[in-house]
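Asker: Chains as they are written, first to last, in the numbering used here: chain A, 16 to 380; chain B, 221 to 397; chain C, 56 to 565.
Errors might be hidden in some of the hints.
Restraint-style ranges between C-beta atoms, simulated for each label pair [to be verified]: (1) C:Glu509 to B:Ile329: 29 to 39 angstroms; (2) C:Glu523 to B:Gly332: 23 to 33 angstroms; (3) B:Ile329 to A:Ala84: 49 to 59 angstroms; (4) B:Asp368 to A:Pro372: 54 to 64 angstroms.
FYI, nobody ran anything at the bench for these hints, they're computed from the structure. Every residue, glycine too, gets a C-beta built ideally from N, C-alpha and C.
So the chains spell out like this:
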Amino acid sequence: MIHVAPAHSPHAHAPTSVGMIMATVLLALAPATLFGFWLFGWPAFNLWAVAILTALATEAACVGLAGRAAKPVLLDGSAALTAWLLALSLPPWAPWWLAALGSFFAILVGKQVFGGLGQNVFNPAMAARVMLLIAFPVEMTLWTTPGSFPSAQLPSFLESLSITFGGAPMDAMASASLLGHVKTEFTRGIDLAHSLPALFGHSQTGLGDAAWGSRAGSLGETSALLLLAGGLVLIARRVITWHAPVAMLLGVALPALIASLLDPAHYLDPAAHLLSGGLMLAAFFIVTDPVTCPNTSAGQFAFGLGAGLLTWIIRTWGGYPEGVAFAVLLMNAATPVIDRYVKPRIYGRTRDGKPLPAETSGKGA
Amino acid sequence: MIAAVVSLATLGLFLGLVLGIAAKRLQVEGNPLVAELEALLPGSQCGQCGFPGCTGAAQALADGAAPITLCPPGGKDLVVALAAKLGVEADLSGVKENVPSVAEVKEEICIGCTRCYKVCPTDAIMGAAKNIHVVFREACTACGKCVDVCPTEALALRPIPVTLQSWYWPKPALEAA
Amino acid sequence: MSFLSRFKFRGGVHPEGRKDLSADMPVRVPTLPECLFVSLQQHIGAPASPVIQVGDKVSKGQRIAASQGAVSAPVHAPTSGRIIAIGDYPAPHPSGLPVPTITIESDGEDRWMDIASPGDPFAFSAEEVAARVGAAGIVGLGGAAFPAAVKLNVSRRGGVTTLIMNGGECEPYLTCDDRLMRDRAPEVILGIRLISHAVGAREVLVGIEDNKPEAIAAMTAAAQGSEVKVLAVPAMYPMGSEKQLIQALTGKEVPAGGRAADIGMLVHNVGTAYAVAQSLNLGRPLVSRLVTVSGGAVAAPGNLEVLIGTPAQALFETCGGFKDTPARLVMGGPMMGQQFTNPLVPVIKGTSGVLALTAAEIGQPQPAPCIRCSTCVRACPVGLLPLEMAAHIRTGDLGGAVDLGLKDCIACGSCSYVCPAHIPLVHYFNYAKGDLAAKERAKLKQDATKKLAEERTARMERIAREREEAAKARAAKKAAQEAAKKAAAEAAAREKAEKEQSGKEQAEAL
Chain A
16 MIHVAPAHSP HAHAPTSVGM IMATVLLALA PATLFGFWLF GWPAFNLWAV AILTALATEA
76 ACVGLAGRAA KPVLLDGSAA LTAWLLALSL PPWAPWWLAA LGSFFAILVG KQVFGGLGQN
136 VFNPAMAARV MLLIAFPVEM TLWTTPGSFP SAQLPSFLES LSITFGGAPM DAMASASLLG
196 HVKTEFTRGI DLAHSLPALF GHSQTGLGDA AWGSRAGSLG ETSALLLLAG GLVLIARRVI
256 TWHAPVAMLL GVALPALIAS LLDPAHYLDP AAHLLSGGLM LAAFFIVTDP VTCPNTSAGQ
316 FAFGLGAGLL TWIIRTWGGY PEGVAFAVLL MNAATPVIDR YVKPRIYGRT RDGKPLPAET
376 SGKGA
Chain B
221 MIAAVVSLAT LGLFLGLVLG IAAKRLQVEG NPLVAELEAL LPGSQCGQCG FPGCTGAAQA
281 LADGAAPITL CPPGGKDLVV ALAAKLGVEA DLSGVKENVP SVAEVKEEIC IGCTRCYKVC
341 PTDAIMGAAK NIHVVFREAC TACGKCVDVC PTEALALRPI PVTLQSWYWP KPALEAA
Chain C
56 MSFLSRFKFR GGVHPEGRKD LSADMPVRVP TLPECLFVSL QQHIGAPASP VIQVGDKVSK
116 GQRIAASQGA VSAPVHAPTS GRIIAIGDYP APHPSGLPVP TITIESDGED RWMDIASPGD
176 PFAFSAEEVA ARVGAAGIVG LGGAAFPAAV KLNVSRRGGV TTLIMNGGEC EPYLTCDDRL
236 MRDRAPEVIL GIRLISHAVG AREVLVGIED NKPEAIAAMT AAAQGSEVKV LAVPAMYPMG
296 SEKQLIQALT GKEVPAGGRA ADIGMLVHNV GTAYAVAQSL NLGRPLVSRL VTVSGGAVAA
356 PGNLEVLIGT PAQALFETCG GFKDTPARLV MGGPMMGQQF TNPLVPVIKG TSGVLALTAA
416 EIGQPQPAPC IRCSTCVRAC PVGLLPLEMA AHIRTGDLGG AVDLGLKDCI ACGSCSYVCP
476 AHIPLVHYFN YAKGDLAAKE RAKLKQDATK KLAEERTARM ERIAREREEA AKARAAKKAA
536 QEAAKKAAAE AAAREKAEKE QSGKEQAEAL
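So here's chain A without its partners, still in its complex pose (with noise of 0.2 angstroms):
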């Protein structure tokens, strides 16, 4: 009789594909992002912009050469994605160069060397952060002092082209960010009393304006408010759940409170490394990558507090004064293990795996 291929069940599917969450990520990272560009200006603009281009025209090039079609594949949005979270994460004046040699490496090394969406190990913005880190520490770490209002202390259109791409000296822009002026005046034997005071008796800026963003910082990594109700939205929308980012902020928190409760004088409190650095963009948009996190809940908050724990030891004891893209890669090595040894158990079955007894089973966990 008939011998067509059947289709098999479900015959009905959620309304949902990689592309749509892919989407929500990204509007989820706008108010940040746009909140960067307001407060570091053009510069800040032409950097995101040369990110997101290399990585999209880096990703048709990879897949043109697998001889694959490279048009549904840049519509998932996943190199966008990539792209925009490394350009978050740097200096908002940097040149344009820095953008696109990271982002061509985060899509090329970080992700289509190991065969492309869903494939790769570690996160590649991160890879690609920790590339630039390392190869161009004095590039990643030049910080622009945030213009206060939009006012003349912005560069025009035309002046931010030749800051991104003119290299232009940005000597009276320079600043430092809280971890980094905390590090650098810990190693000439200045303790928390006297250099926080002077961070920011120098830029008028306290705690209370790290949580709104108006610091000097990555491109959108100051905004911690901003970066927190874009997380919330993404677990309102089911694209991620609390588990991770819970964990990385406990993992932080929780060490930071203890040691600042018994040394003030050296280490930081929970606030200052909760509102810092990267934590927050990579709490609710890092850790929760989903290929390169752990498939189990329970999984994704060990990851998660694994990755918070290790943040807040480099942070304090490293040689960085930023740990979070190093914590996240020495724990994207670990989630084949924690995958491995963290998982669901089967209905019917107990934990190790062998048929509950006749009778007796209990209640379900």
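Here the structure of chain A is known, so what remains is to put chains B and C in place on it, guided by the hints.
Answerer: Chains B and C in isolation, oriented as in the chain A frame:
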């Protein structure tokens, strides 16, 4: 200098001794590989590989004297299993996926010569001289020996028809990667 | 009075219900089709064997095929008429393969056979109830179509204490159980009490999803004053799965690889209970069932009381035909139902719905790469890792998938439903299960033929040895005979010589 030479020599002697004892104590009789390979083979001793039965084929495989694609009735699955056992690359390009088949007697041309009945390695053919022979489907391995000896071409291998009981979903077509 | 169950199962999904298409439509009866195609494989187990000949006249309810084997069920004529064919007909199955089928030409009278009133059904012994359920050809009407009598007997002997009635109907579109509970609650409750009587259950729970408040109310009212307890369970797919319903109602789990009876439970569908009531109360065998005809392409979706063997085409025609070109025809619900391509395939006992879906309803774009979002892990009601299992199967490592729990998969399709990359996860699992079963069968056959080959080799050796021995024996015998002959000849010669000698001597002496 001397201390280093002496300590290393002592270490070498000690480890050599341990290895020597282990070699004696933990010695394995015979080559278990041949038996393991034979267990994988179909075991119908059909001889299509050119070796005297499955034991001979297993020995040849263990010696590396035969390719892992030697067994037509085993099909792709067997090649993969042998490749895993012998630790070699499985080249499936030349292997035909064997459709499960059975021999069938065309009753109108069978002359009852009993030749097929005599060569069948699994006694799957029943029949006396001058009587039409029949094939027991359950016992037939589709080795094809009977087809070769039949003087009237009354025997042929036919694929076992798919029924509701034996049908199952094919592997999903490879999605766009 | 109804209560909300306090247990739940893990995972699950909330597919769009689409039950409003047919839920409020009262049950209709389609016009009697000209021909009915009654499959002999209506159930899990051995096919029934025909007990009538082509040309025979049959009455409605007359047995036309007998059960054969331990797990099987008889088949009855769904209407009166004449048998016009016994042979292969396309099965309601995705493969479209033929299945032995009895074709009845209807005489238009739909005349029941003479049925003696069975009397008070509660007067029957438990064994008698099971026997009558078996003789009525009743199988699980929830879709699995397992012979009901076999389940009753196993459960009674296994000491079942809790009877669970499945009114979950979690599949989207389907409303036939809902309709049955709303319109015929007293008969359903009667059937439930008879099943309970047959297995000696101490506790009877009816689980109904809370998206069917009218059914809950009707059943609760009908159950008033009996031991039957009606419980509302949250509307969540796959609530209608036996294992998940048990967990949702009692908090207990069926051990892996075991059956509900292992923990003292028996689960039956409410439709089965109705059929049991019909057979024990009225003596009528199972010849019809409620079927939901729905889908975006159907002009007037509804619930029909359909004779077994009615072609799907006739159902669509009763429901006003298609208002849209159907992209896919499905028997059962959209989550686990089977596609069929031939619109003439008949309704069988396990058919709960016949759907004609539009492309928009199916919504299945091309698969994309897995992004490991683990939505499938959260959706799986069993606690499996669908993405990992599918990755193993895709590379041909079926053993790896089994290690991850492939055999525990209930094929509910929740993972495929939620996958944002549209990977056909459950298709991979059903392929792997089928392939493993086929390999298992091949292995059994190989073991059997190996043994046959060994026996033959041994026999050949024995024959050769015997021949050799016989030859040796013959040779020895021959040698012995020759030796004996020689000896005899020698003896004779000696004697002769002696005689001659003595003769000479005598002669000399003379």
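Asker: Checked against the structure, which of the hints given earlier come out wrong?
Answerer: none
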